[in-house]
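Colleague: My request is simple: use the sequences and hints to build the entire structure.
One-letter residues, chain by chain:
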Amino acid sequence: MTTLTGALSIDWMLLLVCAWIVIALAGLVAPKSFRYASRVLYPAGALVGLLLALTAFIALGGTPETMVLPLGLPDLPFHLRLDSLSALFLVLLGGSAAGISIFSAGYLRQAEGALPGLQSLQYHLFLASMALVLLADDAYAFMVAWESMALSSFFLVTSDHRLPEIRRAGYLYLLIAHIGAISILLCFGILQGNGHVGVAGYTFANMRSIDHSVFWSSAAFGLALLGFGAKAGLLPLHVWLPEAHPAAPSPVSAMMSGVMLKTAIYGILRVSFDLLHHPLWWWGVSVLALGLVTALFGVIYSAVQSDMKRLLAYSSIENIGLLFVGIGLALTFQSFGMTGLAALALTSVLYHCLNHAAFKSLLFLVTGSVLHATHTRSLGKLGGLIHRMPWVAWLGLVGALASAGLPPFNGFVSEWLLLQAFLFTPGLPHGYINMMVPVAAAAVALTAALAGYVMVKFFAVIFLGRPREENLAHAQDAGTLERIGLSWLAALCVALGLFPVYVIEKLDLVTRPLLGTGIYGAAGAHNWLFLAPIDPGRASYAPVVFLLSIAVIVAATMFIVHRFWRGRTRITGAWDCGFPVQTARMQDTAEGFGQPLRQVFEPFYRMQRELPSSFDKQPFYRVVVDDHFWYWLYLPAARAAEFGAKMVAFLQRGRISIYLMYSFITLVVLLFLIRG
Amino acid sequence: MSSAPALVLQFLELILALLAAPLLTGWVNQCRAWLGNRSAPPLTQFYRQLAKLFEKEVVLADNASSLFRAAPYVIFACMALASMIVPTLSTDLPFAPAADAIALVGIFALARVFAALAGMDIGTSFGTMGARREMLIGFLAEPALLMVFFTASLISHSTSLSTIVETLGQREFAIYPSLAFAGVAFTMVSLAENARIPVDNPTTHLELTMIHEAMILEYSGRHLALIEWAASLKLYAYSCLGLALFFPWGIPETTGPLSMLVALSSLVLKLAIGGFLLALIETLSAKLRIFRAPEFLGTAFMLAVLAMLVHQLLETAT
Amino acid sequence: MNGHLPLYAQVINLLAAMLLLLSFAMLAQRRILSLINLFMAQGMVLFASTVVVAAATGQHHLYWSALLTLVLKVMLLPWILHRLIRRLNVKWDVETLINIPTTMMIGLVLVIFSFNLALPISALAGTITRSTLGVALAAVMLAFLMMITRSKAVPQVIGFLAMENGLFFAATSATYGMPMVVELGIALDVLVGMVILGVFFFQIREQFDSLDIRHLEQLKED
Amino acid sequence: MEFLLVLGFPLAGGLVLAATGHWKRAAEINSAFSLLTLLAAALLTLRVIEHGPQLLFDEEIFIDPLNVFLVALTAFVGFTTSLFSRPYMRIEHDHGRLSSRRLRLYHSMFQMFSFTMLLALTTNNMGILWVSMEAATLTTVLLVSLYRTPASLEAAWKYFILCGVGIAQALFGTILLYFAAEKVLGGGSGALLWTHLDAVKGQLEPTVLSLAFVFLLVGYGTKVGLVPLHNWLPDAHAEGPTPVSAVLSGLLLNVALYAVVRCKVLADGALHSNLPGMLMMGFGLLSVVVAAFFLSRQKDVKRLFGYSSIEHMGIITFAFGMGGPVASFAGLLHMTVHSLTKSAIFFAVGHAAQKCGSQAIDDIRGLIKLSPTVGWGLMLGALAILGMPPSGVFASEFLILTTAMKEQPWATPILLIALGVAFAAIFGKVQPMVFGEPTAKRLPHKPAMLPVFIHLGLVLMLGLWIPPYLAEWYRQAAKLIG
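Residue numbers (this note's numbering), protein chains in the order written: chain A, 537 to 1212; chain B, 1475 to 1792; chain C, 11 to 232; chain D, 38 to 519.
Since the hints were derived computationally from the structure, they do not count as laboratory data. Glycine included, each C-beta is placed from N, C-alpha and C at the ideal position. Please note: incorrect hints may appear among the correct ones.
[Stated by the list, open to error] Under the rule of at most 25 Å between Cα atoms (straight-line distance), these lysine to any residue pairs were calculated in the SDA-like manner:
#: 1; chain 1: B; residue 1: K1530; chain 2: A; residue 2: Y1198
#: 2; chain 1: C; residue 1: K162; chain 2: C; residue 2: T67
#: 3; chain 1: D; residue 1: K220; chain 2: C; residue 2: A51
#: 4; chain 1: A; residue 1: K568; chain 2: D; residue 2: G224
#: 5; chain 1: B; residue 1: K1761; chain 2: B; residue 2: L1680
#: 6; chain 1: C; residue 1: K230; chain 2: A; residue 2: Y1198
#: 7; chain 1: D; residue 1: K406; chain 2: D; residue 2: Q468
#: 8; chain 1: B; residue 1: K1530; chain 2: A; residue 2: R1102
#: 9; chain 1: D; residue 1: K220; chain 2: C; residue 2: T67
#: 10; chain 1: B; residue 1: K1744; chain 2: B; residue 2: L1642
#: 11; chain 1: D; residue 1: K406; chain 2: A; residue 2: R571
[Stated by the list, open to error] DEER-style ranges, computed between Cβ atoms:
#: 12; chain 1: D; residue 1: G133; chain 2: A; residue 2: Q1144; range: 51 to 59 Å
#: 13; chain 1: B; residue 1: G1772; chain 2: A; residue 2: M1183; range: 43 to 51 Å
#: 14; chain 1: A; residue 1: C554; chain 2: B; residue 2: G1772; range: 50 to 58 Å
#: 15; chain 1: D; residue 1: I491; chain 2: A; residue 2: C554; range: 19 to 27 Å
#: 16; chain 1: D; residue 1: G225; chain 2: C; residue 2: T112; range: 38 to 46 Å
#: 17; chain 1: C; residue 1: T112; chain 2: D; residue 2: L92; range: 47 to 55 Å
#: 18; chain 1: D; residue 1: D399; chain 2: A; residue 2: F1186; range: 53 to 61 Å
#: 19; chain 1: D; residue 1: Y506; chain 2: A; residue 2: D810; range: 31 to 39 Å
#: 20; chain 1: D; residue 1: A69; chain 2: C; residue 2: R40; range: 53 to 61 Å
#: 21; chain 1: D; residue 1: P446; chain 2: A; residue 2: M1183; range: 23 to 31 Å
#: 22; chain 1: D; residue 1: D399; chain 2: A; residue 2: H814; range: 33 to 41 Å
#: 23; chain 1: D; residue 1: Y506; chain 2: A; residue 2: R1048; range: 45 to 53 Å
#: 24; chain 1: A; residue 1: L1209; chain 2: D; residue 2: G133; range: 34 to 42 Å
#: 25; chain 1: C; residue 1: N99; chain 2: D; residue 2: H482; range: 41 to 49 Å
Modeller: Here it is in structure tokens:
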């Protein structure tokens, strides 16, 4: 079972997690010292992250290794297990953590929010708990790690708790996370089966061994979907996400959006593919539908945001939606026994997890640097930063293109795989699903295209054009450590984009144990250069060739152009169309750029607009775009709770005779009951 | 990889595309002039234009970033690559596997994004307006195009263009209602994508209506030349694509000089007809208000999806 | 049923009936002084019944508890109560939240309910005094009802003590008395409770200058 | 003889402090007695660990796995509370809210209270159990009314009447129990010994026992604070001095629940139906839901946590009602961690209220600035009581919920909603108290936060590692409860 290297890797893993915990506690040594945190703790954390990623990478595809800790409940000590699935997500965690930690080492500033030592404590506990979530092999360990993750991230989100809206965001976040956690817990309650084994039934090993009835497995799946969906930001449980991400310090937002959301994906995969055996087709279809709605919702809303971090948060919702679409497809395929296609869909999901982790953390870190340079999150006050902060800008461009799903960057590959998976659905033996497929595919395509729109808005409004405010003139580019972090993530984006075959070879190690098959056989057999999931005749994509040919053509054109026409260039002011007064405020604002979408998708938004009349001395325009779900779901729920509270208040009107009457009636009623 | 002659052929196709594209644009303009009872410019007008532009000096706004300078080259490269991938003379292209239909859409998107970014780089209100409108059209046209490809690839069980064209071309003639839908959708998309009436007007510089032109307003000299050339390449690529998808006959997969001649002639013929039809459409229809454009493209999108549905309904049985 | 019962059993049944009657009387009683007297009378009945049971069954510790009853419930508590109302000079009549007839009706229903509740149990009682359990239960219930209906502190407390009486009656006549320890404990608790209540009355009075517990309705969920 | 000490020290303490309670060093004496009690309890625990269950004083005293840890817990929390009350009451005294006569009453009653609880826990005689419960009520009545404010008097009065009546029901239940027992065991004091009853519970008359159980449940349930018998609880918690609130919800509720459980064991044995379980589950669920909804309307912080005690008692009752090894285990664990956490919270709340000079939630703001230790103590305590891991509360709730999902699926949606509402309410009120900008000005005195962090530390430990013998007790007790 445990080969030498195998035995090593989980021990290493545990060691590294403990290292994170130690670093966390080390923060308490000098909680006020900011140099200590930024020069010692965070770099150390980054190093650990790197090692973690390496260890997990080695463990990828090895035989699953288990371990039991002397902690936990009496009959239920913490079980840890390192299999390919968790290894992959650990790679993701370690890789992003390395970049983000090193970035935060440079990012950390004096006198921002909580004490630096305390913040590092919470940050590293956050990392450690995420790692434990991925390693846990019994319900209790999983839940403990899961909730600790929520808790530590909550404290990070509210680290600048003086602002009420940040407190509100944290509150919303923790509340939804808690409700989700309870439903996950109930899901485990079902999965543990009839529990003749007592507490020992909570181990995943036991859960795997049990076959549930259709009803109970569906119930378990539903609860899991609810719980993990709440963490992932699946509709309609997404409202915390656009609140919490802007509230958190940027590295934390990067960590949450890049990695924490993926732990939810990990959870749903773990439950639906590992613990539950026989998915039903309608699970897949419902997940697919939910995912589509989420994706469209996310991208449509992110297009109209004017706060750069909210924009990214909504785009995270979109990506989560796409991930769930993939999961839904995989489930559907598997329920019809088409493991090959299920493998294709699942591969696209895993691939997209990696991609999103890379580019979304990159983008959030970019917003962090911009925030520090300009002290504003509002897109309306930015612009032209490419001249002031070229590093951030160009690295950000990589992230933006990747996030827009453009070749040859990584975002495109997973999108491509997903669409391929769609193209092969007609094989399904179920008419209605086949009818649904085109619509679904169309929605996915639309989402991808809109993502491009969003990313153009994001990048162009922040970095291009002319500065919309004077103070932007003395914005500083990111420091060295920050650059290292950003470059690391950008490099990941490019690498993931350029060598899909290699990545898929690794992903196969994950899909094979889960589904019994993988797509590498077809994908790689053709050629390491060409990615062909089914067979090269049907579909293929070669990013390297792609990039090379573009590069060659660009180079050739440049050469020719400069060779044959002496490239004279005159630098002058921009052409003002005969309109002399051109101020920076005349550029499109973020709102302006989103305006076409606001028109096209009007019914999707809840908008209040204040339009200036033509006689205004100081014309004023304001638009507020709200989330329908807030008014459809959350406020009613709150009102219902309020109503319930008002009702129960009648129990406590202060009159003692009434109280006595209560107990009297209770007594009489009970006596009646037992006589029956 | 494929054989040496195939590589040569690939190169030939590129050269052909580079040369033929301006001609196609010229031809369309000629037809439009004729149809509009104007005296037509010569067929080679576009070459002269390019030459002149290359000669001119570049007038660069003082706050232009390096992205602004790089964009034309990238766009041009994208279009060149696209026209390399689309099977025109032969389906046995060594570069074809590099990018299938989906990737092709990706290429167009990449070009569009760079154009839009460049448009917003200077920070004049025109550039940003153009970029915004371009993206607006793009985000509707792109999925529609994708859906068209999907229909085709559902028929041919493949997304690689060569395979699609082969299957479509080699099969005995049969009526595919789905393809009909897809064809209409494709036409609408390509009108929009190539900045043609009724969505955009390549010849206007009227502030309120222009889209593509507004976006590239700041470009001049060789940059402008590259962009114009890229635009014509795009038109060429789209036309070839449409022909390859919906009138695939005459594209051989063997590479012999004779079959080349056949292919070339048939291509020229088809392009001529296509160009004329395009001119016809442009002349007969009026430019839409900018906010009608989404509806136009939405229709295209719907048609494309409908095409897939029709395929599911009627043709999966066969 | 009384025909072929031994004398003392009949006596006990008689006393039980009296107890029930007294409870009803207390429920109906408006004047606070006579309420106390009724309570004293109840104590007497209790004492008597305990003695009879003790005599009948020769359980000697029952004599002790009878004595305890006499001292506590016939002498001490009434005395304390009398002093209290004199010291606090509460002369007013007892106001009830529900009017008396209704209360009586409810009380009647309660008695019936508790009787047939106790029926199966007393059927299998080892003791000769079968039906007393039902009576005791009824007494407890009636006392409870009285506590609910009274709006002043003192009557409420008397109701509380009456409930204690009912329990005590159940303990003695139905089960020939609890173990001595327990009874002592109970008695002690009652006494201490009384004392504390005495203290309380003064506190409440000096805070609200009235013993009307309707003043004690400030703590609530608004 | 450890046991004598366990009961003797608090009794002696009560008497001594009745004389000396107004001295300057009275608080220290109080703590000293509590410490001695704790040590005695520790010795007793060790003895039980070595020799197993104990029957003492011709079986009047019985110490088994079900109550030994409660004894230890009671002694421990009693001690920490005395530590906390030392500075707290001094400050109250300095603020002139308490005369030294009252302090004397407070100290002596504090000791008497722990005596009565320990007696109730250790006695084997259901009658004595009742007596000591009643005594506990009387002592706490005096403690609750300590301030002699109108509000405190009202609270104490309601407490007295409601619990007195409730306890009376319990007495009737006890009598019925005896009534049923004497036919099997014959009369005499043997018939009320729990061990004897437990031995013959199979032969006890079901009809009588069911009646008895109802009365006992209503009676002791009133002291547990089960809805709808709970009305005294929030008032008493809010108006009494904070140390009293801490022991009330930390210990007294436990003791009452312990009494209920003892009765349930007998009833279960006699009745061959699941009636007691069903009743307890019903009460538990009702309490959880109603308390959860109450929480969201609270304006007074101590009242808030009073209701949260009702909620948790409901959870525990539900767990015992479900029965089975896992659920009962969880219930016992939850009793332990709840009393630790809740008392810790009350300590923190007490300091907070003193710092801000008010118990109103709206007046308490930005504690974390005002006094970081208090702030963090309150925040962590609240999170722990809300079942955030890795606190022990989470461990027990985890077991209870998962078991419920298995045994009583119908109950889980209700629990889900109730827990969600409770979380929203409590956390929504605690967060602004701890975070944000303070309104009050710093007060000079430094809080005694040591007990808080000891408690929270223990709770954390119980979430991650339960000492083997404790676990063993839980298991045996769970087996006993069934």
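Colleague: For every hint, state whether the structure bears it out.
Modeller: These are the hints, each one checked on the structure:
| no. | hint | result |
| --- | --- | --- |
| 1 | B:K1530 to A:Y1198 | violated (96 Å) |
| 2 | C:K162 to C:T67 | violated (41 Å) |
| 3 | D:K220 to C:A51 | violated (32 Å) |
| 4 | A:K568 to D:G224 | violated (72 Å) |
| 5 | B:K1761 to B:L1680 | holds (12 Å) |
| 6 | C:K230 to A:Y1198 | holds (15 Å) |
| 7 | D:K406 to D:Q468 | holds (13 Å) |
| 8 | B:K1530 to A:R1102 | holds (10 Å) |
| 9 | D:K220 to C:T67 | holds (15 Å) |
| 10 | B:K1744 to B:L1642 | holds (17 Å) |
| 11 | D:K406 to A:R571 | holds (23 Å) |
| 12 | D:G133 to A:Q1144: 51 to 59 Å | holds (55 Å) |
| 13 | B:G1772 to A:M1183: 43 to 51 Å | holds (49 Å) |
| 14 | A:C554 to B:G1772: 50 to 58 Å | holds (57 Å) |
| 15 | D:I491 to A:C554: 19 to 27 Å | holds (25 Å) |
| 16 | D:G225 to C:T112: 38 to 46 Å | holds (45 Å) |
| 17 | C:T112 to D:L92: 47 to 55 Å | holds (53 Å) |
| 18 | D:D399 to A:F1186: 53 to 61 Å | violated (24 Å) |
| 19 | D:Y506 to A:D810: 31 to 39 Å | holds (37 Å) |
| 20 | D:A69 to C:R40: 53 to 61 Å | holds (54 Å) |
| 21 | D:P446 to A:M1183: 23 to 31 Å | holds (26 Å) |
| 22 | D:D399 to A:H814: 33 to 41 Å | violated (55 Å) |
| 23 | D:Y506 to A:R1048: 45 to 53 Å | holds (47 Å) |
| 24 | A:L1209 to D:G133: 34 to 42 Å | violated (52 Å) |
| 25 | C:N99 to D:H482: 41 to 49 Å | holds (46 Å) |
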